[in-house]
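*Asks:* Using the sequences provided together with the hints, build the complete structure.
Spelled out from the first residue to the last, the chains are:
Protein chains: 2
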Amino acid sequence: MPQKRYLFTPGPTPVPPQVLAVMGEPVVHHRGPDFKLEYEQCLARLKEVCRTEHDVLLLTASGTGAFESAVANLTVPGEKALVVSSGNFGERWAALVAAYGADLVHVRLPWGDAPEPDDLRPHLDGAKVVYLVHSETSTGVVADLEPLAAAAKEAGAIVVVDAVSSLGAVQLETDAWGIDVVVSGSQKALMAPPGLGIVTVSPAALAATGSSPRFYFDWRRTLEGQAKLDAPFTPAVSIVRALNVALGMILDEGLEAAFARHVRLGRACRQGIKAMGLELASPDDDRAAVVTTVRAPEGLDVKAFLLDLRDRLGVQLIGGQGEWSGAVFRIGHIGYFDLFDITTALAAVEDGLVAAGVEIERGAAVTAALRAFELPTPA
Amino acid sequence: MPQKRYLFTPGPTPVPPQVLAVMGEPVVHHRGPDFKLEYEQCLARLKEVCRTEHDVLLLTASGTGAFESAVANLTVPGEKALVVSSGNFGERWAALVAAYGADLVHVRLPWGDAPEPDDLRPHLDGAKVVYLVHSETSTGVVADLEPLAAAAKEAGAIVVVDAVSSLGAVQLETDAWGIDVVVSGSQKALMAPPGLGIVTVSPAALAATGSSPRFYFDWRRTLEGQAKLDAPFTPAVSIVRALNVALGMILDEGLEAAFARHVRLGRACRQGIKAMGLELASPDDDRAAVVTTVRAPEGLDVKAFLLDLRDRLGVQLIGGQGEWSGAVFRIGHIGYFDLFDITTALAAVEDGLVAAGVEIERGAAVTAALRAFELPTPA
Chain A
5 MPQKRYLFTP GPTPVPPQVL AVMGEPVVHH RGPDFKLEYE QCLARLKEVC
55 RTEHDVLLLT ASGTGAFESA VANLTVPGEK ALVVSSGNFG ERWAALVAAY
105 GADLVHVRLP WGDAPEPDDL RPHLDGAKVV YLVHSETSTG VVADLEPLAA
155 AAKEAGAIVV VDAVSSLGAV QLETDAWGID VVVSGSQKAL MAPPGLGIVT
205 VSPAALAATG SSPRFYFDWR RTLEGQAKLD APFTPAVSIV RALNVALGMI
255 LDEGLEAAFA RHVRLGRACR QGIKAMGLEL ASPDDDRAAV VTTVRAPEGL
305 DVKAFLLDLR DRLGVQLIGG QGEWSGAVFR IGHIGYFDLF DITTALAAVE
355 DGLVAAGVEI ERGAAVTAAL RAFELPTPA
Chain B
5 MPQKRYLFTP GPTPVPPQVL AVMGEPVVHH RGPDFKLEYE QCLARLKEVC
55 RTEHDVLLLT ASGTGAFESA VANLTVPGEK ALVVSSGNFG ERWAALVAAY
105 GADLVHVRLP WGDAPEPDDL RPHLDGAKVV YLVHSETSTG VVADLEPLAA
155 AAKEAGAIVV VDAVSSLGAV QLETDAWGID VVVSGSQKAL MAPPGLGIVT
205 VSPAALAATG SSPRFYFDWR RTLEGQAKLD APFTPAVSIV RALNVALGMI
255 LDEGLEAAFA RHVRLGRACR QGIKAMGLEL ASPDDDRAAV VTTVRAPEGL
305 DVKAFLLDLR DRLGVQLIGG QGEWSGAVFR IGHIGYFDLF DITTALAAVE
355 DGLVAAGVEI ERGAAVTAAL RAFELPTPA
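Protein sequence lines, in the order shown, are assigned to chains A and B.
Just so you know, the first sequence maps onto residues 5 to 383 in my numbering.
Just so you know, the second sequence maps onto residues 5 to 383 in my numbering.
Just so you know, these hints were derived from the structure itself, not from any lab.
Predicted, not measured: the structure shown is a model, and the values here were computed from it.
It cannot be assumed that every hint is accurate.
Simulated pairs of lysine-lysine, DSBU-like, Cα-Cα distance not exceeding 35 Å [to be verified]:
id : chain 1 : residue 1 : chain 2 : residue 2
1  : A       : LYS307    : B       : LYS51
2  : A       : LYS8      : B       : LYS84
3  : A       : LYS132    : B       : LYS84
4  : B       : LYS307    : A       : LYS307
5  : A       : LYS8      : A       : LYS278
6  : B       : LYS40     : A       : LYS278
7  : B       : LYS84     : A       : LYS84
8  : A       : LYS51     : B       : LYS8
*Replies:* Given below as structure tokens:
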């Protein structure tokens, strides 16, 4: 039998067969009436998933491209912008904001910290824009976003949030929490292939747009197109149609149910990891529902371990990024994941560590995960 | 029977079933070894199709996004840049170059003109970059690119060419003609779905990069990633894999054979259109092998005519853009097209015009196309 493959990374994530089926359909024209119906539905569903009454822009780009649209539209060179980072993606946004010539204040917390409002407050005075990370995919930390956004908002800043790996997995109330711009991507908890960036834009953000050069990522150009269901540039139509189906599945499950499922997936994964006697690098709390980051046991060659899992068992996990490279490995559990994906990942980790000669507690992880997840009891 | 659908627009274009099948496969991780093999092959095949020894960058974006990368990387505000336009896309590039603060000299020829070296020469002095359009998809004009590029090169300029709808359909010798940057997209003659932009970058272009703000579209960042087969941002993996298959098909046919096929497709389409007594708006010569643009007969409501073709016959053509909106309709024939697509398009046009009450020569178009194409004779 050809090897079965398991994609357990925090993006790209497994795509449901119903969504893949749409990817394989003949390409349609982006100005034809059929596509316009699906485009309209996709944009409406995105508003629901983002919990915003404002416009949601769909860009053919990765999450970084979508994030750049926020920086390109909001930056006036020399104006103060605050970036709070505690991992790889926060650092990327600081580099991006600097590239656009903002007067960057970079609050660089240790990797793995969860930012608190008090980390921001001393630096908010005069900041036009505050860039926050909701889910720092490199560490597994999900920030308590509501008070962070409130602190930035109170100081009069435009609030931009990287929710690339959290949207659809973790509660995020764009309008209710006063967030001006939420940035996400198609290939994480939204269960679609990579290729589309997502950006919510509040009227305040739109009113604050600056003078930095931009064309493809210009918000108004895309807004004007979307208002007529006529994208200004040829979109990745196959992925838009696929995302529309995936969003329908998410809304059928219900956002609250999806959030609760992710909490239980995270719990199961952490309990399994701990049962093996391994140490978590991501927080051991219910908010950390996106990715479980595990400290590599002493002496483990993480790269070789991950290649072995992939080649021998068909299980794709991912290592650390930046300063955590070689020191951790990560198990993603956002989107199209159920308990059995977690037990598969844990069983593979256990087998791979044993194969690598690491002494761990054997035979405990899967049981601990099953118990923590709490499958529904038979009627 | 559900209606069969025919996509006869100059992008997106019909995608072969072998390529669609790859789109429907499970998503793979962009840093996994399987994907790296396909990514490497795709980049190598792109070099072959672009006929360049230099790097070809693959960006998750539309053709406009890829074009913007050229402008963002090459523009120094205030430096002279020359754009030659004679249609919608040329005008778009002028707007884009202006958005980046270049000292724009816009040689705006009448729509439908083919630019000549003498149109450029008076404006070349001091121009850092010259932006040319190879195939102006809005009019159907394909420029005689070699002497245009030579004139710009002779004046010491960096030469950037929009080959979005010509690459793979019409001869384009990136290195031999001294073109520094060729911009294209996945969804035209390359027979893949929309979502990827393609940019060739010569050492001279790389040495001429300027100070405009950019991150996602920064050439060096993508080059560094590609050198390790490690894209800096999550690419649209499904489309990269699909494009790789499509490029393999193109190279199996052979580029020269593909160019010759497109010449014959264009001939067949033009002879069919003329046999109906209709007037061409695109040139009646073999270079116009990308799209055939037809003047709307007097009194024809082009929008209603195209909707009728689409709804009643399943045939999707497209109208005019910009100043040619309402005045023309266009039949694309790049990529996965054979003679029978042309005869289908012509038969549908004939039927639709008759239904719209236009007096045309009936029963002649398909025969004229068959004759012009010259099918192989039986052995």
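*Asks:* Go through the numbered hints given earlier and state which of them the structure violates, listing their numbers in rising order.
*Replies:* Violated hints: 2 and 4; rest satisfied.
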